[in-house]
Amino acid sequence: MVVETEGDLSTSSGALLVVKNLKKYFKTPKGTVRAVDGISFSMVPGETLALVGESGSGKTTTAHVIMGFYTPTEGTVTYKGVEIGIPIERRPLWLKREIQIVFQDPATSLNPKKTVKEILESVVRIHGGGGKLERLERILELMDYLGLPEEYLFKRPTEIGGGEKQLVALARALAVNPTLLILDEPTSALDVSAQSKVLRTLLRIQQDRGVSYLLITHDLSVVRNISRRVIIMYLGKIYEVADTEEFFGRPAHPYTQMLLSSIPTMTEEDERILPKRIESRGEIPSAINPPPGCRFHTRCPYTMEVCRRMEPPAFSVGSSSHLVYCWLYST
Amino acid sequence: MRSMDYVTLARMERRVRIESLRRAWFRFSRNKPAVVGFFVLAAIVITALLAEYVTPYPSHAGLYINFKEKFQPPSFKHLFGTDMYGRDVFTRVIFGFRYALMMVGVVLGIVVPAGTILGLVAGYYKGTIIDHLIGGLSEIFVAVPPLVLALAICSLLEPNVINALLAITLMWWPWYTRMVYSMTSSLRNEPYVWEAKALGMRTYQILFKELLPNMLGPILTKATLDASWVIIIGASISFVGLGAQPPTPDLGTMLAEYCRYLPSYWWMTLGPLLGIIVLVLSFNLVGDGLRDVFAGE
Amino acid sequence: MQLLEVRNLHVNYRSYWYTYYVLDGASLYVDRKEKVGLIGESGAGKTTLLKAVLQILPPQGRVAGGEVLWKGVNLLKADRSYLNEIRRKEVGMVFQDPLGALDPVFKVKDHMLDVLRYSGRCSDRRECLSLAEEYLRSVLLPDPKRVLESYPFQLSGGMRQRVVIAMALASARSLLLADEPTTNLDVTIQDQILRLIDRLVEERELSMVLVSHALGMVAKMTHRVYVMYAGTIVEEAPTRELFKEPLHPYTTLLIESAPKLASRRLGEGIKGNPPDYRCPPPGCRFHTRCPYAMDVCKKLKPPKVEVSQGRHVACHIYSKKLEGGRSDGSGNRG
Chain U
1 MVVETEGDLS TSSGALLVVK NLKKYFKTPK GTVRAVDGIS FSMVPGETLA LVGESGSGKT
61 TTAHVIMGFY TPTEGTVTYK GVEIGIPIER RPLWLKREIQ IVFQDPATSL NPKKTVKEIL
121 ESVVRIHGGG GKLERLERIL ELMDYLGLPE EYLFKRPTEI GGGEKQLVAL ARALAVNPTL
181 LILDEPTSAL DVSAQSKVLR TLLRIQQDRG VSYLLITHDL SVVRNISRRV IIMYLGKIYE
241 VADTEEFFGR PAHPYTQMLL SSIPTMTEED ERILPKRIES RGEIPSAINP PPGCRFHTRC
301 PYTMEVCRRM EPPAFSVGSS SHLVYCWLYS T
Chain R
1 MRSMDYVTLA RMERRVRIES LRRAWFRFSR NKPAVVGFFV LAAIVITALL AEYVTPYPSH
61 AGLYINFKEK FQPPSFKHLF GTDMYGRDVF TRVIFGFRYA LMMVGVVLGI VVPAGTILGL
121 VAGYYKGTII DHLIGGLSEI FVAVPPLVLA LAICSLLEPN VINALLAITL MWWPWYTRMV
181 YSMTSSLRNE PYVWEAKALG MRTYQILFKE LLPNMLGPIL TKATLDASWV IIIGASISFV
241 GLGAQPPTPD LGTMLAEYCR YLPSYWWMTL GPLLGIIVLV LSFNLVGDGL RDVFAGE
Chain G
1 MQLLEVRNLH VNYRSYWYTY YVLDGASLYV DRKEKVGLIG ESGAGKTTLL KAVLQILPPQ
61 GRVAGGEVLW KGVNLLKADR SYLNEIRRKE VGMVFQDPLG ALDPVFKVKD HMLDVLRYSG
121 RCSDRRECLS LAEEYLRSVL LPDPKRVLES YPFQLSGGMR QRVVIAMALA SARSLLLADE
181 PTTNLDVTIQ DQILRLIDRL VEERELSMVL VSHALGMVAK MTHRVYVMYA GTIVEEAPTR
241 ELFKEPLHPY TTLLIESAPK LASRRLGEGI KGNPPDYRCP PPGCRFHTRC PYAMDVCKKL
301 KPPKVEVSQG RHVACHIYSK KLEGGRSDGS GNRG
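Chains as they are written, first to last, in the numbering used here: chain U, 1 to 331; chain R, 1 to 297; chain G, 1 to 334.
By construction, these hints were calculated from the structure, which means they are not laboratory data. Take the hints with a grain of salt, since some may be wrong.
[Unchecked claim] Straight-line distance between alpha carbons at most 20 Å, and here's what the computed DMTMM-like set of lysine to aspartate or glutamate pairs gives:
1. G:Lys298 to G:Glu268
2. U:Lys155 to R:Glu19
3. G:Lys220 to U:Glu269
4. G:Lys244 to U:Glu271
5. G:Lys220 to U:Glu159
6. U:Lys132 to R:Glu19
7. G:Lys220 to U:Asp270
8. U:Lys113 to R:Asp292
9. G:Lys244 to U:Glu279
10. U:Lys155 to R:Asp5
[Claimed, not checked] FRET-style restraints, in silico, Cβ to Cβ:
11. R:Met102 to G:Ser156: 58 to 64 Å
12. U:Trp94 to R:Phe39: 44 to 50 Å
13. G:Glu245 to U:Leu203: 26 to 32 Å
14. U:Arg204 to R:Glu19: 31 to 37 Å
15. R:Tyr53 to U:Glu118: 40 to 46 Å
16. G:Arg240 to R:Ser29: 20 to 26 Å
17. U:Gly38 to G:Thr19: 54 to 60 Å
18. U:Leu93 to G:Thr19: 48 to 54 Å
19. G:Thr19 to U:Glu134: 40 to 46 Å
20. G:Thr19 to R:Ser29: 17 to 23 Å
21. R:Arg22 to U:Gly210: 45 to 51 Å
22. G:Tyr16 to U:Glu134: 42 to 48 Å
23. U:Ala107 to G:Arg32: 40 to 46 Å
24. U:Arg204 to R:Val36: 55 to 61 Å
[Claimed, not checked] Stretch by stretch, here's where chain G covers chain U in the computed footprint (C-beta under 8 Å, at least three residues):
25. 190-201
26. 215-225
In this text, a Cβ means the ideal position worked out from N, Cα and C, and glycines have one as well.
Let the sequences and hints guide you as you build the complete structure.
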């Protein structure tokens, strides 16, 4: 059953963020890089949506467009009904407060020459600080909430560990009380023990404050643990959309299956989750000249003639909220 | 859980700052020549400031004639002997330091802030017309060899100290602009700058509170090393007669006056010559040490 | 006699101010045709250990004690030419950062020729070039001729890594040391490369030491695993057994805190931070973060104890249990 793109399904009615037919192209000397090539999705308040893909998938670019670091080449991004396809510098202050981002590498997302206190203070000061003591109170509250000891106030980022740096970055983002928090690979640069601490903190924050998360990642185990819905992207387009449980239970798209098969698992129970094994093959093609038709056809073991010529529309699989963009599922 | 009150926090903050200063000094002191340069420079600065009280013959600094004492060789009374007017050369050198340091202060005091700000703005708005304007302007000044430019300006205007300073200032600022420009344009894409934008920081705040602190090291180091260049160029300008005029006790002017009496009255030349060398060398050594301090961070 | 044995290795890094006591009596061994894993968080000293084996520590690194035995010969005391022979012909290392491991001003061709010549696999240029092509083909690089003529920056991450692997294999007749060979690569490419390494290692009957903080990778590719924390080996076991039933508290916490595919329950994480190597905790280096720390842990370094066939743990919980149990040579240090 062919279904309209997901964006149309839940346009109004309480949607927090609506992305419609978003395209972002970059002009380079080698050609035009079609980083994001027509995607649509939406988020409701309080949910965690994961954008999953490998390099070149366009997930990071999408997040940066939503943040305002880039403006859309085509298409719209709507937040609470307001069009926000404007660069970050020109956004009104209230919008900057509502949408925040935590970057992947905390070592570069925190100014190495500033102490933690200075980093947090500049944020607090911009967004209604009150007096010096009140600002300090607020900073201490934040540190406490994230479980950072007070001594850290006077340390520089180079003096604290990776997980804690990420918590500082979180504190900074939380200081403005955002409604939507974009998490750009929040745990990729961290060790395993720091990862779980950060993830737990994220969950706790969501429980306490109802923040919505847009999670950008390539790590499916993180997705399993904290997100409610998943979107798989490949070379600038969406290929599968599903609720997390449904997704892991029944991964539909061949690329998804390849992704899942590639994850090295540690335990036997993890092993059992994996779908029938599709061995990964081929390289990710260039985004300047993506393959015609379905972009995955060059690596797909089930390629058919139609896949080479026409881009597949969305088909629903199982429940109505599970969509696959793959000709295998046309009925 | 909150374990500290404000007083304890404030104390801790102070302690951390003192600690980082101490560490900086430790890094500096590993470079022994730098430490020597530092103390020599400090001594020079203090004596230059208090020249009237410290020198044996303060009145010799300006117009003073005592032909009876002229051309006296070095002795305990006159450490560098006397010149053709009977003035104590040593005293004049100390006053000469004052002039040299004043030049450094004025020139760098204008060039460093102005050049840095221009560089910050140009680098941040790289690719826009602001960048092209500032860049073009600095290119013009950079194209001419510094000394030539300074001399040209001085010869067009009345030869005196102020114009010499003007000339040096004009030809010096682009170097800071370029250095800061390149640092700014590479740092402005760091995630923490994007974060600052996302949090709503205004541009001037980003420039001064996010970007500048990451560039202070190279700027300060360059400023210190430049000080010695300012002195040399200033002295060169005076030497050819385009800067301070006699009887001003400027080191370059003195050199020009005294070297005419070589080789018979060699001690007169020795005074300002050693003065220049020591001053330039100590700035260099300190600058070297500063580089170590900032590199080690 | 084992192929490689590291006995009680101590390595320090000396800066002007401080000494970092990184490796604190680490021991491991690798047999012929064995694939051994070395896991632990970053900063645990895994790379230091590998570099110490090949004696390629940075200038501040000093070996302060212990032995590195290659087929019985102590490499630390061996003379230069013997060590170079080993480096050129016997052991190959895959470094963590492929862009850093390749000199950007030389083409791939130059890198391969160098390696092949030093390892003595060919003598004249033409022979070496065709051998280089063969090696590149064996790592599944399409169009090896073009790759040979390329500079490192012209290749994608996955291709660079394959070049580095080809180079390591060229100089490895006995042992391959792989240090985080697939960080920063996409997951699907990672999978391909790991399977590639696995196949080539089996084909050429090499031994392998695989260092990683990605536990799943090690779980799939090794026969035995060493767990490293803060410069010491805390547990050693056959891979399957280690992941099924870890013994050391650190291993347990490590495995448990990794996000899993199978469950939605997040691990607790390990409280505290890795130690400062300038003044590491006395006794067991893990005691500051260990939920089962006892008094003795603060004072005495736990001896390595054999808990069952092939399983060793360095933890006082187990040395107490096996009062009178066989104990390995790391001894007690106050």
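Take the C-alpha atoms of G:Lys220 and U:Asp270, compute the straight-line distance between them, and say whether it is at most 20 Å.
-> holds, 12 Å
Is it true that U:Arg204 and R:Val36 lie within 55 to 61 Å of each other by Cβ?
-> holds, 57 Å
Compare the distance between the alpha carbons of U:Lys113 and R:Asp292 with 20 Å, and conclude whether the hinted pair is satisfied.
-> OK: U:Lys113 and R:Asp292 at ~17 Å, within 20 Å.
If you look at each residue in the stretch 215-225 of chain U, do at least three have a Cβ nearer than 8 Å to any Cβ of chain G?
-> holds (count 7)
Taking 20 Å as the top limit, are the C-alpha atoms of U:Lys132 and R:Glu19 close enough?
-> The given pair, whose Cα atoms are some 24 Å apart, is violated under the 20 Å limit.
Do G:Tyr16 and U:Glu134 keep their Cβ atoms within the hinted range of 42 to 48 Å?
-> This hint holds: roughly 43 Å between Cβ atoms.
Are U:Gly38 and G:Thr19 spaced within 54 to 60 Å by their CB atoms?
-> holds, 58 Å
Residue count check for the stretch 190-201 of chain U against chain G: does it reach three with CB-CB under 8 Å?
-> This one holds; 9 residues, not fewer than the three required, reach chain G with a Cβ under 8 Å.
Could you grab the alpha-carbon distance between G:Lys298 and G:Glu268 and see if it respects the 20 Å cut-off?
-> The hint is violated at about 23 Å.
Sort out whether U:Glu279 lies within 20 Å of G:Lys244, counting only the CA atoms.
-> The hint is violated at about 26 Å.
Kindly confirm whether 44 to 50 Å is satisfied by the beta carbon distance between U:Trp94 and R:Phe39.
-> violated, 57 Å
Satisfaction of the hinted span 48 to 54 Å by the C-beta atoms belonging to U:Leu93 and G:Thr19 | At roughly 51 Å between Cβ atoms, G:Thr19 and U:Leu93 fall inside 48 to 54 Å, so the hint holds.
Hint check: violations occur at hints 1, 5, 6, 9, 12, 16; the rest are consistent with the structure.
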